[in-house]
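There are 2 protein chains.
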Amino acid sequence: MKKIHNFSAGPCILPKEVMQKAAESVVEYNNSGLSIIEMSHRSKDFESIMDRSHAIVRELLNVPENYDVCFLQGGASLQFMMVPENLFPVGGKVGYVNTGVWGTKALKEAQLFGETIEVASSKDKNFSYIPKGYNIPKDIAYLHLTSNNTIYGTQFKSFPETTVPLVCDMSSDIMSKPVDVSKFDLIYAGAQKNIGPAGVVVVISKKGIFGKSGRTIPTMLDYRTHIDNGSMFNTPPCFSIYTSLLTMEWIKNLGGLSEMEKINEAKAKILYDEIDSNPLFTGPAAKEDRSLMNVTFVMKDPSLEPEFAKLAKERNLSGIGGHRSVGGFRASIYNAMPIESVQALVDAMRDFSKKYA
Amino acid sequence: MKKIHNFSAGPCILPKEVMQKAAESVVEYNNSGLSIIEMSHRSKDFESIMDRSHAIVRELLNVPENYDVCFLQGGASLQFMMVPENLFPVGGKVGYVNTGVWGTKALKEAQLFGETIEVASSKDKNFSYIPKGYNIPKDIAYLHLTSNNTIYGTQFKSFPETTVPLVCDMSSDIMSKPVDVSKFDLIYAGAQKNIGPAGVVVVISKKGIFGKSGRTIPTMLDYRTHIDNGSMFNTPPCFSIYTSLLTMEWIKNLGGLSEMEKINEAKAKILYDEIDSNPLFTGPAAKEDRSLMNVTFVMKDPSLEPEFAKLAKERNLSGIGGHRSVGGFRASIYNAMPIESVQALVDAMRDFSKKYA
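Those protein sequences? They're chains L and H, same order as listed. Note that the working numbering has the first sequence beginning at 1, numbered continuously upward. Note that the working numbering has the second sequence beginning at 1001, numbered continuously upward.
Errors might be hidden in some of the hints.
Claimed, not checked - The calculated DSS-like cross-link candidates involving lysine-lysine, where the alpha carbons are at most 25 Å apart (straight line), are:
no.: 1; chain 1: H; residue 1: K1212; chain 2: L; residue 2: K21
no.: 2; chain 1: L; residue 1: K44; chain 2: H; residue 2: K1108
no.: 3; chain 1: H; residue 1: K1016; chain 2: H; residue 2: K1002
no.: 4; chain 1: H; residue 1: K1108; chain 2: L; residue 2: K212
no.: 5; chain 1: H; residue 1: K1108; chain 2: L; residue 2: K105
no.: 6; chain 1: L; residue 1: K44; chain 2: H; residue 2: K1212
no.: 7; chain 1: H; residue 1: K1003; chain 2: L; residue 2: K44
no.: 8; chain 1: H; residue 1: K1016; chain 2: L; residue 2: K212
no.: 9; chain 1: L; residue 1: K21; chain 2: H; residue 2: K1003
no.: 10; chain 1: H; residue 1: K1212; chain 2: L; residue 2: K108
no.: 11; chain 1: H; residue 1: K1044; chain 2: L; residue 2: K2
Simulated from the structure, these hints should not be mistaken for lab results. Nothing here was measured: the structure is a model prediction, and the numbers come from that model.
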């Protein structure tokens, strides 16, 4: 098997040992005589997987007692409409901080439900920073944030202090560091970055917040359906959930989220240091808002970019093309990315600058 | 690995070679150096998987040119509300044929959108038959059917002849036999019976039917979003889709749906013949409506059922407990169920009757 350094933005690299164990479970789960993908979701084996999956989310994120955890389908994109459907009161107002493509999409769905306020936006500078110092209206039912912005390489380092309920899309940095869950009414995250494979979403919500929007909510779009049924109202995405459990167990064995954060900081530092010292490269994201997950960088002379892309390909540095709206390059260095791969990228940048600088 | 005869109703048995190949892809997909679960959904490899998945649905079901195919998340349960959201005109009426728990759930969601008519129901006899000879109102926007009823072991052998558009939940018998797609406006099916693992839904829809309900439809709930984006509007459930492709390729290699139907008929015949000839057993479903997928049977003397369940367990006949609303037993004998496993169940029934009859 050839060695690929997988910098994809998501679906993305997962720990080797998780992929190995997940593969084994597709042949046979735990000496049951059955594959994980042919096993009834009502079997004792799968019910145990589901119970442990809920429990480890609680444990890793230190989720308070008065919060529920559930697993859903449909990606964060479906959450963009489930949040207002459940939490946007008829005739009320909600607020959004717009820090990129995903925040814009979330806002667009909320607009279908009533009056929305774009409380702050960094669109004026192509979302290259996280807005700060804005006023949060007191009369909004919630304020929606996107904690990490994969395309632009920005990340909230702290969250607004406010009495307004906070809702946060943490798809691309959940489980990468500790989070104070008690500051939020609702957190959602697509799994396919730091939690597991595509096909499952984690939702963490404060008890008692639902059932107040005055809307008629279809059964599958009502969070209470899934919470009340332990994420088993209907057939769950069994394989994605099991592989997410394995990934979260890997994080736990590594020492949990504080340890994970240290590793992620160390990896990001190597790369940002190179961007700042290498004469050919520069980073478009504001320094104080730089993401530990998605590192964006461009070349001062854009005409050299195809040459660097060629070198990257030769060295099996995969998935580093920047999003078309930012250009240049993006290295996604999620939890499972080994420091050796980050070093391989840095080495390529150095070798390239020796040749061209 | 011990030999289990997996009669689960879903998630359920898949072909051994599919599970083997799926497992290999979780280690490495097609010499790419990457696992199927860490690969970008925008990579050439995954785009090819997606293209081939759409194409093989079209090929196996002989889907006409004027129909679209797409893959969604959320299970058939989310379809229960997506169908009316997209096809139930504001101020109009829709009709449902109620043949069991799933049909009842589908009807319940439609009721949130306006006036519904329960055109026919077999609830009077615990859903043990498929209603026939009912009048279909001309003024309904669509008539919703459930082609196979897993809990009761009934199945439509033919569909109503009507000018009213038909919508059908085919979750538990799609890909088990040929279907005349042109008779339906929309077909949907959760994958986790005959198509693949849990976590993906197939939708086949006639072109031009959407955008007429007069409703404001959130982006993710609008079928056109997914059709227009080749099922890649957001990150799809990559592993479930790839494993579904493998399963459909297995069906194709076997000779397609006509061949599959012959095999399924042969398997079901062995089991129904035993139910009809064995003095201890009887089948609750009306003979003319018997499902080829889910075979329900009870004991004439229910006090013997725990004994038979014990024998079944000893012989590794797994997942044959009947649903609580029917009692007795249910053997789900989907496409991938080998005839040897059906024979093992029949042998157990015979041996049991020799002892107790």
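Checked hints:
no.: 1; hint: H:K1212 <-> L:K21; result: violated, 48 Å
no.: 2; hint: L:K44 <-> H:K1108; result: violated, 30 Å
no.: 3; hint: H:K1016 <-> H:K1002; result: holds, 14 Å
no.: 4; hint: H:K1108 <-> L:K212; result: holds, 22 Å
no.: 5; hint: H:K1108 <-> L:K105; result: violated, 30 Å
no.: 6; hint: L:K44 <-> H:K1212; result: violated, 45 Å
no.: 7; hint: H:K1003 <-> L:K44; result: holds, 18 Å
no.: 8; hint: H:K1016 <-> L:K212; result: violated, 49 Å
no.: 9; hint: L:K21 <-> H:K1003; result: holds, 21 Å
no.: 10; hint: H:K1212 <-> L:K108; result: holds, 22 Å
no.: 11; hint: H:K1044 <-> L:K2; result: holds, 18 Å
In terms of the numbered hints stated before, the structure departs from hints 1, 2, 5, 6, 8, listed from lowest to highest.
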